[in-house]
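Participant: This is what each chain is made of:
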Amino acid sequence: MNPLLTVSGLTRMYGNRVGCRDVSFELWPGGVMGIVGESGSGKSTLLSCLSARLEPTAGRVLYDTREDGPVDIYAMGEPRRRMLMRTDWGIVHQNPRDGLRMGVSAGANVGERLMAVGARHYGEIRAQADDWLRKVEIDGERIDDLPLTFSGGMLQRLQIARNLVTHPRLVFMDEPTGGLDVSVQARLLDLLRRLVTDLGLAAIIVTHDLAVARLLAHRLMVMRRGEVVETGLTDQVLDDPHHPYTQLLVSSVLQP
Amino acid sequence: MTDQIRVDSLSKTYVLHTQGGIEIPVFADAALSVASGECVTLHGPSGAGKSTLLRCLYGNCKPDSGAIHVSHGEGTVDIASAPPRVVMEVRRRTLGYVSQFLRAIPRVPALDVVAEPLRALGVPVETAQARAGELLARLRIPERLWSLAPATFSGGEQQRVNIARGFAARHPILLLDEPTASLDARNRAVVIELIAEAKAAGTALVGVFHDDEVREAVSTRVHTMQG
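If you read the sequences in order, they're chains A and B. Residues 1 to 256 in this note's numbering are what the first sequence lists, from first letter to last. Residues 1001 to 1227 in this note's numbering are what the second sequence lists, from first letter to last.
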């Protein structure tokens, strides 16, 4: 078995300013990696570089493709990279409006990803869309409604359905629960946890919320000023943090 | 009998960077071996590092030096140096752990909390839930609570759910961190029974028990730690 993602020396500069610097790690099939750190620590820059949306200044990201094994995602052609993003990968944005098409129905938002990978039978597409709406706990009656009429929590669940319908192997999530009420957050977290486990998905989750990281991630990477300062098993990093910055992060969490 | 756990010259010091870098040495050069069918209890004054040692065995705490050899499948793994995904695999198949408190997950029913370690081993949902139900019943959690998330349970109920979860998968090694701290006498007796059964089945157990009566009842051997 190969790692799904092999990242080495990944660096992204913005002029003289560091976005992220010298990040290396491996992600294995079914593994869930959390990236934590305060705002401006380089989490989102790193996620963009990993998910083929922002070309790094240096370093490589190898993805273990189904056909040809490990391939540098920035060395492959644009059409192939786009295909990968539509089939093997999913991207869940913090703001669901960035990941959804607000002008077409909920069912079409889910069905569209299927059509992008070649599904043509309308009845089947609709049936699968319906099935996925149920999996993310959206009432089937809403299938023809526009996302504009959905609440924030429903939009986020719709975005997840849209991403998972093509059975990706790797999902990138940027603050998936950010901006949601806590009760809505709990429901979404439970859903994500179940889906990731049941489907054996690999995922990379950026969050500033350590409780979210504890619940979803197997491993953690702590970032500060663009660099990874500590990595390890999630519970070990949170319960026995070694780096001064990780200790500060953990000790700064308010207990309700 | 082969050792299930062998700890060699393990040292741990906590460094508190947020408090001026103060160093708190916990233990140095610690050694411990545990064979299958044994229950070794860690004993010593508060602050002697009993919980820290237990957490090191589970990979939850990272020692500064030394090794923790755990027999896993056909071979052994050094928990102190193994990469995260290996430690996760050892936890899934070999290492069970009952923490002092249950970390309740919103919306997950008690029955599923207990069945989860079995599900992770690929046991079918009905079988896993049947075993979970059996343990919850023995620990006197009323059946009407099984479908509820434990977040709203009392401290004692949560701890019993936690114990049931720890015993569910019959891991070859089981670590117990004060499992009986918030239990009444009847439930303590059930835990003593569960430990005796695990020993008889060949499980290697390591535990910290505040309660002298429980410690005496379950210990095959007492491992004394000095503060």
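Hints are not guaranteed to be accurate.
[Unchecked claim] Pulled a few chain B residues facing chain A out of the computed Cβ check, cut under 10 Å:
#, residue
1, Tyr1014
2, Thr1018
3, Thr1052
4, Tyr1058
5, Lys1062
6, Ser1065
7, Arg1085
8, Met1088
9, Arg1103
10, Arg1119
11, Leu1121
[Said to hold, decoys possible] Some chain B residues close to chain A (C-beta under 10 Å, calculated; not the full set):
#, residue
12, Leu1016
13, Arg1055
14, Cys1056
15, Asn1060
16, Val1123
17, Pro1124
18, Thr1127
19, Ala1130
20, Gly1133
21, Pro1142
22, Trp1146
23, Leu1148
[Unchecked claim] Simulated restraints on C-beta separations:
#, chain 1, residue 1, chain 2, residue 2, range
24, B, Gln1226, A, Arg53, 49 to 59 Å
25, A, His167, B, His1210, 25 to 35 Å
26, A, Ala119, B, Arg1092, 34 to 44 Å
Since the hints were made in silico from the structure, they are not lab data. All C-beta atoms in this analysis are idealised placements derived from N, C-alpha and C, irrespective of residue type, glycine included.
Participant: All hints, please: hold or fail.
Facilitator: Hint by hint, here is what the structure shows:
| no. | hint | in the structure |
| --- | --- | --- |
| 1 | Tyr1014 | holds (8 Å) |
| 2 | Thr1018 | holds (5 Å) |
| 3 | Thr1052 | holds (9 Å) |
| 4 | Tyr1058 | holds (9 Å) |
| 5 | Lys1062 | holds (6 Å) |
| 6 | Ser1065 | violated (14 Å) |
| 7 | Arg1085 | holds (6 Å) |
| 8 | Met1088 | holds (6 Å) |
| 9 | Arg1103 | holds (8 Å) |
| 10 | Arg1119 | holds (8 Å) |
| 11 | Leu1121 | violated (13 Å) |
| 12 | Leu1016 | holds (7 Å) |
| 13 | Arg1055 | holds (7 Å) |
| 14 | Cys1056 | holds (9 Å) |
| 15 | Asn1060 | holds (5 Å) |
| 16 | Val1123 | violated (14 Å) |
| 17 | Pro1124 | violated (14 Å) |
| 18 | Thr1127 | violated (17 Å) |
| 19 | Ala1130 | violated (20 Å) |
| 20 | Gly1133 | violated (21 Å) |
| 21 | Pro1142 | violated (24 Å) |
| 22 | Trp1146 | violated (17 Å) |
| 23 | Leu1148 | violated (14 Å) |
| 24 | Gln1226/B / Arg53/A: 49 to 59 Å | holds (56 Å) |
| 25 | His167/A / His1210/B: 25 to 35 Å | violated (49 Å) |
| 26 | Ala119/A / Arg1092/B: 34 to 44 Å | holds (36 Å) |
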